[in-house]
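*Asks:* All residue numbers for the sequence shown refer to UniProt numbering, where the first residue is 1 and numbers rise by one.
Derived from the structure by calculation, the hints contain no laboratory data. Note that the Cβ used here is the ideal one computed from N, Cα and C, for glycine as well. The reader is advised that the hints may include incorrect statements.
[Said to hold, decoys possible] With a straight-line cut-off of 27 angstroms between C-alpha atoms, the simulated BS3-like cross-links for lysine-lysine are: (1) Lys-316 - Lys-378; (2) Lys-378 - Lys-427; (3) Lys-283 - Lys-378; (4) Lys-339 - Lys-427; (5) Lys-368 - Lys-427; (6) Lys-365 - Lys-317; (7) Lys-316 - Lys-429; (8) Lys-339 - Lys-378.
[Claimed, not checked] What follows is a list of derived Cβ distance ranges for each label pair: (9) Leu-111 - Val-140: 40 to 48 angstroms; (10) Leu-111 - Lys-339: 51 to 59 angstroms; (11) Gln-45 - Gly-112: 35 to 43 angstroms.
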Amino acid sequence: MLPQGPKPPPFASTGVPSQPPRPLTSLPLPRFKATKDTEWRRKLQARRKIPSEASSKETDVGGAENSIVDNHHRGNEKRKSIETQTLEEKESSERGTNLAEALAAMTEKHLGIDVLDQGKEVSTFVSYLLDTIQILERQVRYLGAINPLIDSRSGPGDGRGIDSKDGEATVSQPQGSQVVHRICCSAKSHEHDGKLYEDEPVTRRMKTPDHPGWLHAESEIFHLETWASIRPLLCFIIIREHRCAQDQRSEDHWQKQRFRGQYDGAASARLEKLIITSSALLKALKQVAEFSPNGGKNDFSSEMEAPYLFLFHHRKKLEELSVSGAYRDVILPLTNFLKERYEAEYAEAEEMILQGYINDYHIPKLFKPNQMLLMKHKGEPQVAFILEKFSPMRGEIYFHGWRWDFNGHDLERTPELGQISMVSEEKTKIRDLVIHPIEFAREEDVQILSQRGIKFWGMRDQVYTCYTGWDRGSKQKYVGKTTFENGHVRKTLTTR
1 MLPQGPKPPP FASTGVPSQP PRPLTSLPLP RFKATKDTEW RRKLQARRKI
51 PSEASSKETD VGGAENSIVD NHHRGNEKRK SIETQTLEEK ESSERGTNLA
101 EALAAMTEKH LGIDVLDQGK EVSTFVSYLL DTIQILERQV RYLGAINPLI
151 DSRSGPGDGR GIDSKDGEAT VSQPQGSQVV HRICCSAKSH EHDGKLYEDE
201 PVTRRMKTPD HPGWLHAESE IFHLETWASI RPLLCFIIIR EHRCAQDQRS
251 EDHWQKQRFR GQYDGAASAR LEKLIITSSA LLKALKQVAE FSPNGGKNDF
301 SSEMEAPYLF LFHHRKKLEE LSVSGAYRDV ILPLTNFLKE RYEAEYAEAE
351 EMILQGYIND YHIPKLFKPN QMLLMKHKGE PQVAFILEKF SPMRGEIYFH
401 GWRWDFNGHD LERTPELGQI SMVSEEKTKI RDLVIHPIEF AREEDVQILS
451 QRGIKFWGMR DQVYTCYTGW DRGSKQKYVG KTTFENGHVR KTLTTR
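Please put together the full structure from these sequences, using the hints given.
*Replies:* This is how it looks when you write it as structure tokens:
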């Protein structure tokens, strides 16, 4: 029974009569929130049972005449029981210590409270809390079973995931990434066009031999952002695209969809895309970026198509940034993925460009936004402009950019468009392209642009007046003011 304190005064400091103190009687707690055979109870009882069984066996072994032998035997049994208990605790910790069990052991060891003694209120209250913790732990395990996450013990660059088929941890994906699958289909009877799945789609066929079949997958991802948010260790997601067997859309349709920058079930040229999910990795990309990945403003979280031209132009800066350590854990998974899948292709393109040549396979790697291009059509003046974006489509490359123009008062950006045909599979000189980067231009072409620019800017702040009225062609005769005054004003004064 807890001691009663001094009685409060009949009036409080505010002058309002105070209520009589309530008796210190606690509300009755339920004796058990869960069943009596909860995991923490069974393990605690088993831990107590081992020493008690050992001590009961010790009392039957010896008399006074065998006290030395009995003491030696008792010591061995005691050590054996302690070793057994330690081994069980070690195995339990290796399997993953139960939180309720750990709290029960700490309460008994450090506070001296027997949580199994239901005759005391404090023991009943503590056991009630442990039962609640046990129930919450089971709910967490259940939610983890229906939503398998990446192992929380792995680091951001660990790359360990959960295999959707057998539920075992495997190292099947690149570090910090996971592959998902998208089905592209135009069949009206199918309802899987553009849907994402965790498992790779397989072809299902009907019994009729001439039926083309259809793609089918089980684990659908209903909302990619939500799916990625519960997997915080992911740095980026690789989207593998699969065309359904009944997809009859032509290649021209795919090109148009990519040119418009919209997704309507249109697969990419390499059937692979990548999307950044880590906020730290997005911050690192923005820090080194010379342009936006898809030509838009702050468009870093959208899907990038393989072979990932933005990453091709920035991968060396990303490697330098990863050395500092602040972004190392999120950059390394991405750079390792690029080295494993695209390093040979990137190196071949760089070597060819350094030699001043290009072919149809690597020509998209020659251009990038915010790059100065030279457009040189036969019989027309040369034009230099800044590239905003370019789009390969139907055997040609379309360029969208701008250049400065003077409207008589201010400078303004004037849109500039251009296009070139795809080059052959063989090597072609970059300077022979109708549109090519200014760093590959001939010296005489650069001189022409420079001289023209000097003349153009030399006309700045000068005034040129030109009359273009309706009577600009008629002949007019005028007399100067001085001549008029000398010939007419003096004559008038003389006659007077």
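*Asks:* Hint by hint, say whether it matches the structure.
*Replies:* These are the hints, each one checked on the structure:
1. Between the alpha carbons of Lys-316 and Lys-378 the distance comes to roughly 38 angstroms, so the proposed pair goes past 27 angstroms and is violated.
2. This hinted pair checks out: Lys-378 and Lys-427 have alpha carbons roughly 22 angstroms apart, not beyond 27 angstroms.
3. Proximity of Lys-283 to Lys-378 is assessed by CA-CA distance (about 45 angstroms); at most 27 angstroms being required, the pair is judged violated.
4. Taking the CA atoms of Lys-339 and Lys-427, the gap is about 25 angstroms. The hint holds against a cut of 27 angstroms.
5. A C-alpha spacing of about 20 angstroms is found between Lys-368 and Lys-427, which places the hinted pair at or below 27 angstroms, so the restraint holds.
6. About 17 angstroms separates the Cα atoms of Lys-365 and Lys-317, which keeps this hinted pair within 27 angstroms; it holds.
7. Restraint check: the Cα-Cα separation between Lys-316 and Lys-429 comes to about 26 angstroms, which is no more than 27 angstroms; the hinted pair holds.
8. For the suggested pair Lys-339 and Lys-378, the alpha carbons sit about 42 angstroms apart, so the restraint of at most 27 angstroms is broken.
9. Take Leu-111 and Val-140: their Cβ atoms lie about 26 angstroms apart, and the range 40 to 48 angstroms is violated.
10. In this structure the hint that Leu-111 and Lys-339 lie 51 to 59 angstroms apart at CB holds, the actual value being about 56 angstroms.
11. A hinted range of 35 to 43 angstroms is violated for the C-beta pair Gln-45 and Gly-112, which are about 18 angstroms apart.
Figure legend: structure checked against the earlier numbered hints; hints not met, in rising order: 1, 3, 8, 9, 11.
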